[in-house]
Amino acid sequence: MAKLKISDLAKIKEQVSRRTSLRNGGAKVKITVHMGTCGIASGARTVLNAAIEELERSGRKDIIITTSGCAGLCSHEPLVTVETQGEEPIKYVYVNDPKMRQIFNRHALEGEVQTQFALARGSEQQ
Amino acid sequence: MRPFRMHMLLCGGTGCHASGSQEFKTALEKELERRDMADEVTVVETGCNGFCALGPVMVVYPEGIFYVELKAEDVQELVEEHVVKGRPVKRLFYKEPKGKESLPHMQDIPFFAHQQLIALRNRGLIDAESIDEYIARDGYQALAKALTQMSPEQIIEEIKTSGLRGRGGAGFPTGLKWEFCAKVSGDTKYVLCNADEGDPGAFMDRSILEADPHVVVEGMTIAAKAIGSNRGYIYCRAEYPLAVERLQLAINQATEYGLLGENILDTGFNFELSIYQGAGAFVCGEETALMRSIEGKRGMPRPRPPFPAHAGLWNKPTVLNNVETWANVPQIILKGGDWYSSIGTETSKGTKVFALTGHVNNIGLVEVPMGTPLRTIIYDIGGGLPKKHRKFKAVQLGGPSGGCIPEEYLDLPCDYEAITKAGAIMGSGGMIVMDDSTCMVDMARYFLDFIQDESCGKCTPCREGTRRMLQIVEKITEGRGEAGDIETLEELAAMIKESSLCGLGQTAPNPVLSTLRYFRDEYEEHIYDKKCRALTCVAMIEFKVDEKKCKKCGLCFKNCPVEAISWEKKKPAVIDLEKCIKCKTCIENCKFDAIY
Chain Z
6 MAKLKISDLA KIKEQVSRRT SLRNGGAKVK ITVHMGTCGI ASGARTVLNA AIEELERSGR
66 KDIIITTSGC AGLCSHEPLV TVETQGEEPI KYVYVNDPKM RQIFNRHALE GEVQTQFALA
126 RGSEQQ
Chain E
266 MRPFRMHMLL CGGTGCHASG SQEFKTALEK ELERRDMADE VTVVETGCNG FCALGPVMVV
326 YPEGIFYVEL KAEDVQELVE EHVVKGRPVK RLFYKEPKGK ESLPHMQDIP FFAHQQLIAL
386 RNRGLIDAES IDEYIARDGY QALAKALTQM SPEQIIEEIK TSGLRGRGGA GFPTGLKWEF
446 CAKVSGDTKY VLCNADEGDP GAFMDRSILE ADPHVVVEGM TIAAKAIGSN RGYIYCRAEY
506 PLAVERLQLA INQATEYGLL GENILDTGFN FELSIYQGAG AFVCGEETAL MRSIEGKRGM
566 PRPRPPFPAH AGLWNKPTVL NNVETWANVP QIILKGGDWY SSIGTETSKG TKVFALTGHV
626 NNIGLVEVPM GTPLRTIIYD IGGGLPKKHR KFKAVQLGGP SGGCIPEEYL DLPCDYEAIT
686 KAGAIMGSGG MIVMDDSTCM VDMARYFLDF IQDESCGKCT PCREGTRRML QIVEKITEGR
746 GEAGDIETLE ELAAMIKESS LCGLGQTAPN PVLSTLRYFR DEYEEHIYDK KCRALTCVAM
806 IEFKVDEKKC KKCGLCFKNC PVEAISWEKK KPAVIDLEKC IKCKTCIENC KFDAIY
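Sequence lines, in order, name chains Z and E.
Using the working numbering, read the first sequence as starting at 6 and increasing by one per residue.
Using the working numbering, read the second sequence as starting at 266 and increasing by one per residue.
No wet-lab data here; the hints were simulated from the structure.
One should not assume that every hint holds.
[As the list claims (entries may be wrong)] If you anchor each label on the Cβ, the simulated ranges turn out as follows:
#1 E/E328 to Z/E93: 31 to 39 Å
#2 E/G526 to Z/G116: 43 to 51 Å
#3 E/E672 to Z/R24: 45 to 53 Å
#4 E/N535 to Z/R24: 44 to 52 Å
#5 Z/R111 to E/I846: 44 to 52 Å
#6 E/K835 to Z/G116: 53 to 61 Å
#7 Z/R50 to E/K448: 45 to 53 Å
#8 E/P369 to Z/R23: 52 to 60 Å
#9 Z/R111 to E/K835: 48 to 56 Å
#10 E/S539 to Z/A46: 23 to 31 Å
Think of the CB as a built atom: it goes at the ideal place given N, C-alpha and C, for glycine as much as any other residue.
Given only the sequences and the hints, what does the whole structure look like? Please build it.
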């Protein structure tokens with residue numbers, strides 16, 4: 006990797022935005038599993054594996070699965086955020102293996118928000 | 266035969282059968298018979314309509330009303346209300362599953378609504394292991410600005426304007442600290458990060474390092490430019506393996522991108538950064554001990570002055586800030602000191618991250634503007650206390666160096682000065698909520714015990730003094746307290762505060778002093794009445810059942826691990842003291858405080 010110049014920062018920003026933003030890129034759904042120590046301790050790794058397995062099974066290429074750190078609400082871990090193109094992200098709490106599979110198959114694939122597992126919609130910062 | 270005026274189509278599928286549709290049907294028919302309505306209302310069993318999860322289900326015509334989860338007990342009400350009076354029973358209606366519109370917005374949830382994120386701005390949004398995602402959230406823009414558009418003096422001026430104070434606990438103005446160090450001449454200077462978070466119940470720094478390690482790297486590099494340093498260390502405790510791993514990855518990525526190392530961003534500035542893992546001694550969070558530890562020596566504090574700004578690591582001028590402080594720096598550089606100082610109170614600017622834990626519903630990490638009342642943090646953000654029959658007693662701030670704040674000070678705005686006035690300290694941000702099942706004497710004992718373990722032993726007041734204090738408090742909790750104990754504690758506390766070498770010893774008596782200040786009656790109760798009102802101190806519990814309070818529920822009997830409790834329905838429980846091992850399981854399970 007070449008050393009960056011200041012102008013490269015903007016380029017990376019644009020590239021990543023294109024990759025992670027659902028509006029411009031090829032992806033339609035982004036699933037974020039929150040993997041801080043709190044998340045991992047309460048089973049986020051199982052949840053992540055379940056999501057990846059379901060993704061493989063679905064054969065979909067337009068769904069991104071990614072990880073992030075603690076979302077702050079450690080007592081409700083594992084937390085998962087599902088963001089569908091053009092819609093507000095949905096935060097799920099107390100996710101486990103079967104819930105993750107259901108969220109993947111019903112929400113990520115079919116667009117049906119699983120409100121029974123969800124905490125809220127939108128994001129923390131405007 | 267005249268037609269039926271009402272058709273009740275009850276599902277008879279396997280699912281509804283299994284959930285009791287037959288019992289419901291029998292009861293329904295019987296009730297209609299009894300009311301002599303069997304010839305005007307018909308009950309029809311239908312095939313499965315797919316709502317097995319909510320069975321037994323029934324559709325009633327002519328209205329077409331859909332009932333779910335019916336039980337035989339519902340029959341009476343259903344017939345009386347709907348069939349006789351024509352008023353459908355709403356509580357048995359099928360409810361549309363809530364759509365996402367009915368989900369609250371994040372901003373409507375008090376836990377999130379009252380927070381303002383600066384240090385935690387990237388939490389949950391970026392992949393902590395991807396430098397690109399950090400850059401996409403304007404990462405390293407502040408560094409670029411500091412390196413190309415600002416002089417070292419301007420950087421320091423910006424930080425001074427912001428009013429940022431050390432988030433490790435002491436609250437020393439960060440800009441001033443940098444300025445002192447910048448003014449000292451010398452070609453070798455160090456920038457250090459204190460990630461030796463050790464207060465019981467505190468996890469702010471770990472969380473920042475795990476979720477957003479680059480923000481610390483960027484903040485430190487900016488300071489390096491400001492004071493003229495080319496070398497930095499992050500002192501992180503080895504008990505934080507995930508933080509260490511992600512931090513190392515961040516350093517590697519930044520180095521690869523030329524954001525660390527030589528000729529950063531092609532500006533000719535060099536800064537090298539590495540992690541030093543601490544072995545977990547609490548005292549190594551003290552700045553002089555931390556530096557000795559990095560030097561490879563035993564982590565023990567030394568007297569100040571000289572202050573680290575003049576003679577720090579390897580006796581070179583050094584700036585040391587805590588993780589959260591560093592996490593604020595890039596945003597201040599990007600948005601300006603004036604923006605930052607517009608948040609918070611007169612003396613405390615910006616936001617503070619708290620690790621909210623203990624007897625509170627929403628355990629987690631919160632970042633609020635300085636000056637937010639404790640009540641907002643505990644009740645709105647924290648969602649209040651989980652056990653309904655328990656009352657709030659106190660909130661512990663600042664870990665072993667801090668103190669307890671009782672109910673009457675909950676409306677206090679949270680800033681450095683107000684909290685200190687109330688007898689606690691801001692500390693690094695641990696916030697432990699306690700309900701009335703917590704014994705304040707026992708809590709003080711816990712923290713003294715912690716300090717005893719962690720005292721490095723270099724100076725006598727801390728090493729010996731806290732041991733004597735612990736012995737006295739232990740004696741009190743064991744029911745052997747005597748008149749004069751409280752006075753001795755106070756005398757020792759004053760002495761230890763005055764004469765200890767470092768912050769650990771100087772603040773060690775705080776948990777005792779603050780509990781004495783607000784809960785002196787509990788100490789007196791322990792000493793003179795041999796009573797522990799929170800039923801925590803085993804020596805003072807009789808393990809008897811108050812027959813007046815006992816509701817004869819049998820929960821104590823069911824939970825006793827040694828079968829020491831006898832109980833029959835409608836009779837108060839009796840504890841056999843011969844068999845009782847005083848484990849307090851019965852007390853924890855009794856909802857009526859009937860065991861004393």
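Comparing the hints with the structure gives:
no., hint, in the structure
1, E/E328 to Z/E93: 31 to 39 Å, "37 Å, holds"
2, E/G526 to Z/G116: 43 to 51 Å, "46 Å, holds"
3, E/E672 to Z/R24: 45 to 53 Å, "51 Å, holds"
4, E/N535 to Z/R24: 44 to 52 Å, "31 Å, violated"
5, Z/R111 to E/I846: 44 to 52 Å, "50 Å, holds"
6, E/K835 to Z/G116: 53 to 61 Å, "56 Å, holds"
7, Z/R50 to E/K448: 45 to 53 Å, "49 Å, holds"
8, E/P369 to Z/R23: 52 to 60 Å, "31 Å, violated"
9, Z/R111 to E/K835: 48 to 56 Å, "49 Å, holds"
10, E/S539 to Z/A46: 23 to 31 Å, "28 Å, holds"
Figure legend: structure checked against the earlier numbered hints; hints not met, in rising order: 4, 8.
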